[in-house]
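There are 2 protein chains.
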Amino acid sequence: MSKATIKEVAAEAEVSTATVSRVLNESGYVSDEIKERVLEAVAKLNYQPSAIARSLKQDKTYMIGVIVPDISNSYFMGISRGIEDVVGPEGFQLMFCSSDESPDKENRLLQLLQEKRVDAIVLATAGGNDEKVKQLSDSGLPIVLVDRKLESDEAGAGLDLVAEDNEEGACRLTGKLLEDGHVRLGVVNGPARVSTGRERYEGVLKAMREHGLDPKPLVYNGDFSTEDGVLAVRKFLKSDPKPTAIVSLNNRMSLGVLLEIVRSGLKIPDDMAVASFGEVEAGSLLKNPGLYYIDQHPYDMGIKTGELLLKRIRKEETPAEPVFEIFRNEVNRIG
Amino acid sequence: MSKATIKEVAAEAEVSTATVSRVLNESGYVSDEIKERVLEAVAKLNYQPSAIARSLKQDKTYMIGVIVPDISNSYFMGISRGIEDVVGPEGFQLMFCSSDESPDKENRLLQLLQEKRVDAIVLATAGGNDEKVKQLSDSGLPIVLVDRKLESDEAGAGLDLVAEDNEEGACRLTGKLLEDGHVRLGVVNGPARVSTGRERYEGVLKAMREHGLDPKPLVYNGDFSTEDGVLAVRKFLKSDPKPTAIVSLNNRMSLGVLLEIVRSGLKIPDDMAVASFGEVEAGSLLKNPGLYYIDQHPYDMGIKTGELLLKRIRKEETPAEPVFEIFRNEVNRIG
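Residue numbers (UniProt numbering), protein chains in the order written: chain S, 1 to 335; chain B, 1 to 335.
Misleading hints may appear alongside valid ones.
You can't tell identical chains apart in this list, so a pair holds if it fits in one copy or across any two.
[To be verified] Distance condition first, Cα-Cα at most 30 Å in a straight line; then the derived DSS-like pairs of lysine-lysine:
(1) LYS35 <-> LYS311
(2) LYS44 <-> LYS287
(3) LYS60 <-> LYS44
(4) LYS132 <-> LYS206
(5) LYS7 <-> LYS134
(6) LYS287 <-> LYS176
(7) LYS105 <-> LYS216
(8) LYS60 <-> LYS206
(9) LYS311 <-> LYS60
(10) LYS287 <-> LYS134
(11) LYS7 <-> LYS132
(12) LYS44 <-> LYS132
(13) LYS287 <-> LYS238
(14) LYS267 <-> LYS44
(15) LYS216 <-> LYS238
(16) LYS311 <-> LYS206
(17) LYS105 <-> LYS44
(18) LYS267 <-> LYS315
(19) LYS242 <-> LYS35
(20) LYS134 <-> LYS44
(21) LYS105 <-> LYS206
(22) LYS60 <-> LYS105
(23) LYS235 <-> LYS176
(24) LYS35 <-> LYS134
(25) LYS287 <-> LYS242
(26) LYS235 <-> LYS60
(27) LYS287 <-> LYS267
(28) LYS44 <-> LYS311
The set of hints was computed from the structure by calculation and includes no laboratory data.
Computed from a predicted model, the values in this text were never measured in an experiment.
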């Protein structure tokens with residue numbers, strides 16, 4: 001089946017191609033009678049306007065690139081859902097890409113999205129791309145950072161940011177374990193190149209200092225994966241003395257921590273207490289695990305991100321003052 | 001910052017725009033000296049070739065659209081990872097879209113991907129779009145169905161399919177519960193518009209018939225979400241007589257089933273046995289749940305899908321015979 005062209009549609013409707021274009025883009029005046037003729041011709045020839053050709057003319061693709069480090073983490077999908085609920089009704093489509101926590105892959109994705117002329121980028125960075133991000137932003141492409149800051153405060157200073165108060169949250173979370181009398185902590189941390197990893201770890205140390213402890217916990221540096229939660233517990237259980245409580249600094253690693261403690265035959269929290277930055281839905285399968293967790297609000301963060309995107313794409317403020325939207329979270333407990 | 005054009009690059013390098021294009025697309029002969037001059041001009045002017053303009057000429061966008069019903073389900077992300085590991089090294093980029101189990105949204109996404117001129121589409125359909133899919137396929141756009149068939153066998157007959165033997169798997173899974181002596185089953189089913197829902201339910205009925213039972217289980221029709229697993233258990237626990245075992249026909253619903261049984265204070269499997277189509281990672285948090293599950297191989301399915309995509313995009317076979325690749329899965333048990 002060969003594709004109909006705009007010229008064939010114009011010939012069929014006996015109008016100019018410019019008129020066909022006006023009808024399809026709903027721009028400029030066209031009489032109802034002409035409009036009907038064009039739409040009939042479009043239907044008859046099964047004409048598919050090319051979004052690529054259209055975007056070249058309109059200078060808008062109605063695509064927003066969303067780069068997250070882990071597309072299968074429900075946290076980032078919660079954020080994405082919030083974004084979509086705001087920008088979707090305005091005609092924008094999200095294009096998800098996963099950097100898999102790799103700065104190199106993220107760099108390639110940033111380049112690709114620029115080449116695809118997306119209208120804006122949402123970035124939860126895997127780190128290592130300050131310069132590239134700054135360059136894209138300086139070229140006029142709106143970029144909203146979500147969840148994670150750039151590595152240098154200077155590079156991120158001009159960019160919108162929707163994130164959590166990670167240090168404060170991790171400090172309060174750790175405080176709960178310390179109030180329960182734990183003094184030997186194991187910390188399952190994310191990579192130091194990622195701001196959430198750095199800030200949450202700082203929060204743990206702060207809590208220890210506030211409780212008069214020497215801030216030298218056992219540390220396992222993971223990459224936010226379930227697998228690394230498992231490996232962290234294996235490492236901690238081989239140490240002497242063992243920690244009596246584990247602070248795990250993201251939800252995926254926390255699931256791995258829980259799975260491996262249970263697999264080792266230890267009881268939570270009697271043999272090993274656990275605190276998690278981020279809720280672990282499956283934690284309720286355990287009987288009275290006394291599991292502390294910071295509840296997060298990814299959907300609300302997504303809503304805020306979506307609003308910022310629309311504002312930036314529509315250039316509602318020029319020059320734009322960057323917005324820093326920081327969410328504060330509470331400590332909760334399961335069982 | 002205004003963007004450099006290919007004309008400015010050509011002027012700077014003192015060559016024609018065609019030569020610049022040849023260098024950038026690595027097509028046709030250009031002497032090393034000229035090539036160097038062009039690349040220097042590109043660097044000096046910070047020229048960014050437009051992928052949109054390029055794709056208009058090359059008739060290839062190197063983008064593959066992947067429409068899944070639930071982007072946060074690790075099963076579909078496992079498939080996507082497999083696809084990416086095959087097509088990524090060949091220069092293709094995946095664009096993920098989530099239909100959220102909505103046929104309407106899926107229809108819009110199919111339209112959008114066609115307009116974006118993706119080179120191929122991978123579809124795990126939410127149902128209801130047989131005609132649209134057929135139309136896109138007939139227009140020459142390669143479409144590979146994954147996990148789920150179209151509603152009518154006729155519409156799907158000409159399309160590649162990578163799926164599981166759902167009926168056989170569900171039959172064997174249910175058989176395990178029946179061999180353990182259960183006769184009153186509750187079935188948490190997916191939507192009937194989705195082939196995996198229909199086929200797995202058929203498998204349950206087949207197993208009941210093979211064991212001489214009247215194939216009339218209690219049924220809850222969910223939409224493959226964790227929430228629906230929770231609601232199904234609530235419904236079953238209100239029925240009289242209650243089922244003694246639950247067959248849950250996807251991994252997300254199974255997590256909800258486990259959570260709600262535990263929340264009700266019942267013991268698994270003594271008070272209520274559970275069998276799941278698809279592994280529930282968190283199931284290991286339970287003590288000896290005797291949880292039967294069908295193990296799935298989404299990554300391998302993704303690898304196969306990726307290979308088919310490359311073959312179709314490169315038109316290695318014309319006319320193409322559709323490939324039906326059906327994966328068979330084993331029943332396993334936790335605890």
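Structure-based check of each hint:
With identical chains, the CA atoms of LYS35 and LYS311 are never at most 30 Å apart, being 32 Å at best within one copy and 42 Å at best between copies. Taking the shortest alpha-carbon separations for LYS44 and LYS287, neither the intra-copy value of 64 Å nor the inter-copy value of 64 Å comes in at or below 30 Å. In this assembly of identical chains, the alpha carbons of LYS60 and LYS44 lie at most 30 Å apart whether taken from the same copy (28 Å) or from different copies (27 Å). Taking CA atoms no more than 30 Å apart as the test, LYS132 paired with LYS206 passes in neither setting, with 33 Å inside one copy and 58 Å between copies.
Proximity of LYS7 and LYS134 under a CA criterion of 30 Å is satisfied inter-copy only: 26 Å between copies versus 42 Å inside one chain copy. Proximity of LYS287 to LYS176 under the C-alpha cut-off of 30 Å is found in both arrangements, the shortest distances being 20 Å within a copy and 27 Å between copies. Proximity of LYS105 to LYS216 under the C-alpha cut-off of 30 Å is found in neither arrangement, the shortest distances being 34 Å within a copy and 51 Å between copies. Taking the shortest alpha-carbon separations for LYS60 and LYS206, neither the intra-copy value of 47 Å nor the inter-copy value of 54 Å comes in at or below 30 Å.
Proximity of LYS311 to LYS60 under the C-alpha cut-off of 30 Å is restricted to the intra-copy arrangement: shortest distance 15 Å within a copy versus 33 Å between copies. For the identical chains of this complex, LYS287 and LYS134 are neighbours neither inside a copy (48 Å) nor across copies (51 Å), given an alpha-carbon limit of 30 Å. For the homomeric pair LYS7 and LYS132, the shortest alpha-carbon distance between copies (25 Å) is at most 30 Å, but the shortest distance inside one copy (41 Å) is not. With identical chains, the CA atoms of LYS44 and LYS132 are at most 30 Å apart between copies only, with a shortest distance of 16 Å across copies and 47 Å within one.
Taking the closest pair of Cα atoms, LYS287 and LYS238 come within 30 Å of each other both inside a single copy (26 Å) and across two copies (24 Å). Taking the shortest alpha-carbon separations for LYS267 and LYS44, neither the intra-copy value of 69 Å nor the inter-copy value of 63 Å comes in at or below 30 Å. In this homomeric assembly, LYS216 and LYS238 come within 30 Å of each other (Cα to Cα) only inside a single copy, at 17 Å, whereas the closest approach across copies is 53 Å. Taking the shortest alpha-carbon separations for LYS311 and LYS206, neither the intra-copy value of 37 Å nor the inter-copy value of 56 Å comes in at or below 30 Å.
In this assembly of identical chains, the alpha carbons of LYS105 and LYS44 lie at most 30 Å apart only when taken from different copies (25 Å versus 45 Å within one copy). In the homo-oligomer, the alpha carbons of LYS267 and LYS315 never lie at most 30 Å apart, since the shortest distance is 55 Å inside one protomer and 58 Å across protomers. Proximity of LYS242 and LYS35 under a CA criterion of 30 Å is satisfied in neither setting, with 76 Å inside one chain copy and 61 Å between copies. In this homomeric assembly, LYS134 and LYS44 come within 30 Å of each other (Cα to Cα) only across copies, at 18 Å, whereas the closest approach inside a single copy is 48 Å.
Taking the shortest Cα distances, LYS105 and LYS206 never come within 30 Å of each other, neither inside one copy (34 Å) nor across copies (47 Å). Proximity of LYS60 and LYS105 under a CA criterion of 30 Å is satisfied in both settings, with 25 Å inside one chain copy and 22 Å between copies. When the C-alpha separation of LYS235 and LYS176 is checked against a cutoff of 30 Å, the pair qualifies only within one copy, where the shortest distance is 23 Å, while the shortest distance between copies is 38 Å. In this homomeric assembly, LYS35 and LYS134 come within 30 Å of each other (Cα to Cα) only across copies, at 29 Å, whereas the closest approach inside a single copy is 45 Å.
In this assembly of identical chains, LYS287 and LYS242 lie within 30 Å of each other by CA distance both inside one copy and across copies; the values are 23 Å within and 24 Å between. In this assembly of identical chains, the alpha carbons of LYS235 and LYS60 never lie at most 30 Å apart, being 51 Å within a copy and 49 Å across copies at closest. In this assembly of identical chains, LYS287 and LYS267 lie within 30 Å of each other by CA distance both inside one copy and across copies; the values are 10 Å within and 11 Å between. Taking the closest pair of Cα atoms, LYS44 and LYS311 never come within 30 Å of each other, the shortest separation being 39 Å inside a single copy and 33 Å across copies.
Violation of the numbered hints given earlier is confined to hints 1, 2, 4, 7, 8, 10, 14, 16, 18, 19, 21, 26, 28; the remaining hints are satisfied by the structure.
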